[in-house]
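Colleague: If you're matching them up, the sequences are chains A and B in order. Note that the first sequence covers residues 371 to 446 in this note's numbering. Note that the second sequence covers residues 1295 to 1764 in this note's numbering.
There could be a bad hint or two in this list.
[What the hints assert, rightly or not] When the alpha-carbon atoms are kept at most 25 Å apart in a straight line, the in silico PhoX-like pairs for lysine-lysine are as follows:
| id | chain 1 | residue 1 | chain 2 | residue 2 |
| --- | --- | --- | --- | --- |
| 1 | A | Lys389 | A | Lys377 |
| 2 | B | Lys1332 | B | Lys1388 |
| 3 | B | Lys1388 | B | Lys1300 |
| 4 | B | Lys1388 | B | Lys1357 |
| 5 | B | Lys1658 | B | Lys1587 |
| 6 | B | Lys1559 | A | Lys440 |
| 7 | A | Lys440 | B | Lys1587 |
| 8 | B | Lys1587 | B | Lys1684 |
| 9 | B | Lys1658 | A | Lys440 |
| 10 | B | Lys1559 | B | Lys1587 |
| 11 | B | Lys1684 | A | Lys377 |
| 12 | B | Lys1388 | B | Lys1684 |
Please keep in mind that the hints were generated in silico from the structure rather than gathered at the bench.
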Amino acid sequence: MTKEITKEDAELMIDVVSKIVGINVEEHQREGVVQNLRAAASMAELTFSVPLEEFVAAPVFVPVEPFPDKSHPAKT
Amino acid sequence: MNEHQKGVAGIAASVRSGDISATDLINQCLGNIGLKNKRVNAFTMTLEQRAQEKASQVDQEIKRGMDPGPLAGVPFAVKNLFDVEGVITRAGAKITETDFPAGADATLVARLESAGAVLVGALNMGEFAYDFTGENIHDGACRNPWDTDRMAGGSSSGSGSALAAGLVPLTLGTDTNGSIRVPSSFCGTMGLKPTYGRLPRTGIYPFCDSLDHVGPMARSVTDLALVYDVLQGFCAGDHACVNRPVQPVGELQCDISRLSIGMAKGYFHVDGFDAANRIMRSASAALSTLGAKVEDVEVPLVREGRSAAFLITNAESSALHRQRLLERADDFDPDTRDRFLAGSLLPAGWYVRAQALRQLYATKVAELFREIDVLIAPATPCYAPEIGSKILKVGGEALPLRPNLGYFTQPFSCIGLPVCSVSVVDSGALPMGIQVVAAAWREDRCLAVAAALEQAGFAGAEIAPEFIEH
Chain A
371 MTKEITKEDA
381 ELMIDVVSKI
391 VGINVEEHQR
401 EGVVQNLRAA
411 ASMAELTFSV
421 PLEEFVAAPV
431 FVPVEPFPDK
441 SHPAKT
Chain B
1295 MNEHQKGVAG
1305 IAASVRSGDI
1315 SATDLINQCL
1325 GNIGLKNKRV
1335 NAFTMTLEQR
1345 AQEKASQVDQ
1355 EIKRGMDPGP
1365 LAGVPFAVKN
1375 LFDVEGVITR
1385 AGAKITETDF
1395 PAGADATLVA
1405 RLESAGAVLV
1415 GALNMGEFAY
1425 DFTGENIHDG
1435 ACRNPWDTDR
1445 MAGGSSSGSG
1455 SALAAGLVPL
1465 TLGTDTNGSI
1475 RVPSSFCGTM
1485 GLKPTYGRLP
1495 RTGIYPFCDS
1505 LDHVGPMARS
1515 VTDLALVYDV
1525 LQGFCAGDHA
1535 CVNRPVQPVG
1545 ELQCDISRLS
1555 IGMAKGYFHV
1565 DGFDAANRIM
1575 RSASAALSTL
1585 GAKVEDVEVP
1595 LVREGRSAAF
1605 LITNAESSAL
1615 HRQRLLERAD
1625 DFDPDTRDRF
1635 LAGSLLPAGW
1645 YVRAQALRQL
1655 YATKVAELFR
1665 EIDVLIAPAT
1675 PCYAPEIGSK
1685 ILKVGGEALP
1695 LRPNLGYFTQ
1705 PFSCIGLPVC
1715 SVSVVDSGAL
1725 PMGIQVVAAA
1735 WREDRCLAVA
1745 AALEQAGFAG
1755 AEIAPEFIEH
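Only chain A is shown next, with the shape it has when bound in the complex:
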């Protein structure tokens, strides 16, 4: 589970991670980036609130067809 990210946490994240990933966040960009990071963190918190089994597949998405459904019952 993640925890709420404060403004100070987001500032720290910018200072540290921007160096690691090689992205320069200028002074006039910081306020907007902080807001967006905090919004993303609250979204991440929700995704971690659901128990998940191990996820070993590459993150590639495949639409899921409902089967069986009313038109295509499973063979018994």
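For chain A, the structure is supplied; the task is to place chain B on it using the hints.
Modeller: Positioned in the frame of chain A, the structure of chain B alone reads:
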């Protein structure tokens, strides 16, 4: 109403029968765009010469007794992220203005023209498609024809606005989190976001690869279905396009009396979203009248699914634009730039978690579709807000407007389900839409229910009165 303001099927019938030449029709259409576009700012470019040449070709084919195709002479326009041969693909950005022109048309543009349709121009959009408002600081805000002080919705803003202003009867848009459905709702048009992987994105400027969809927008469900059948087909140029047999919807089956329809509740019923709640009640009553079995349903994991869509969008799109962020960060719209910059800093674990949750969410919703045929949800929380608005008022609470315009749409594109955005005939002065959602690959069901609602008079898309030509 002038000929060029008819719908897709009506125009094709007139051109095919010789009631009007494609050339005359396209000239009428271009003239109307020249006169009216400045009021809505839907077009960023028109393609007079190309359109006139194509129209002439259609006329020649008819003269020789050849079949010009089911969309003969139908003018259409595309969001300016579709490749058009010889034209720079803008994607709503300033940064792209110095790119090389596209070497070929996007696959869907080529398919429409092969069916006889005539491309007349490119349309305004939110920068790099990261937008629900239709505001663009480089090209100016795209305006809503129903009230030009209001937003057209985004990011396929021009695609919705051009239809509602009667400038063209057909547009193409893209939808990653709601970018066809939000402008369809605000502008009062019909839009189809097919299943993820159904229509090829070849020749389209990407936004978020694992969520990007393409689809048509029009002023009737019949037109949507006609165009959707032309657009279908595998294309190896898009790695996400699934090689399935084409499943034409053809003549829509509008008897929905055997269908089970779920009305989305819980997450989709927010106190304070009064207009959305009202049209959901009306939709429920209309569907019951049409004989469908209607029941309230909860969509499992929907809130978490929307969160996953948010993170995936932010992470993937930021990765796409990394080089532009490094070299020309201040040439972005500041709002878009700050979202991309933040997305560049997200922990990988958040992204992977979001993808994992998305798969679980897709499985849970597929289970729901074992019990129901179609799900109905509101498309937007409110009518089109005034241009420049930053806050969405819900009861006594003020929420940030931009991200919340996609509150109802993000959960379905997240798991690639087909959705038809249907404009509801309501007592309000402004349009608003509902989403008709089906299981993966069941676009036929979305369109059938949408058509039934349209035939019954519950749904309909019209040209805004001030833009009708007599």
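Colleague: Hint by hint, say whether it matches the structure.
Modeller: For each hint, the structure was consulted:
1. As the CA atoms of Lys389/A and Lys377/A are separated by approximately 19 Å, the hinted pair is consistent with the 25 Å bound.
2. At most 25 Å may separate the alpha-carbon atoms for a hinted pair to count; Lys1332/B and Lys1388/B meet this at roughly 20 Å.
3. Taking the CA atoms of Lys1388/B and Lys1300/B, the gap is about 34 Å. The hint is violated against a cut of 25 Å.
4. The suggested pairing of Lys1388/B with Lys1357/B is violated, with an alpha-carbon distance near 44 Å, which exceeds 25 Å.
5. For a cut-off of 25 Å, the pair hint linking Lys1658/B to Lys1587/B stands: about 22 Å separates their Cα positions.
6. Taking the CA atoms of Lys1559/B and Lys440/A, the gap is about 23 Å. The hint holds against a cut of 25 Å.
7. A C-alpha spacing of about 14 Å is found between Lys440/A and Lys1587/B, which places the hinted pair at or below 25 Å, so the restraint holds.
8. A C-alpha spacing of about 40 Å is found between Lys1587/B and Lys1684/B, which places the hinted pair above 25 Å, so the restraint is violated.
9. The straight-line distance between the Cα atoms of Lys1658/B and Lys440/A is roughly 17 Å, inside the 25 Å bound, and the hint therefore holds.
10. Simply put, Lys1559/B and Lys1587/B have alpha-carbon atoms about 16 Å apart, close enough for the 25 Å limit, and the pair holds.
11. With a C-alpha separation of about 21 Å, the suggested pair Lys1684/B and Lys377/A falls inside the 25 Å cut-off, and the hint holds.
12. Taking the CA atoms of Lys1388/B and Lys1684/B, the gap is near 23 Å; set against the 25 Å cutoff, the hint holds.
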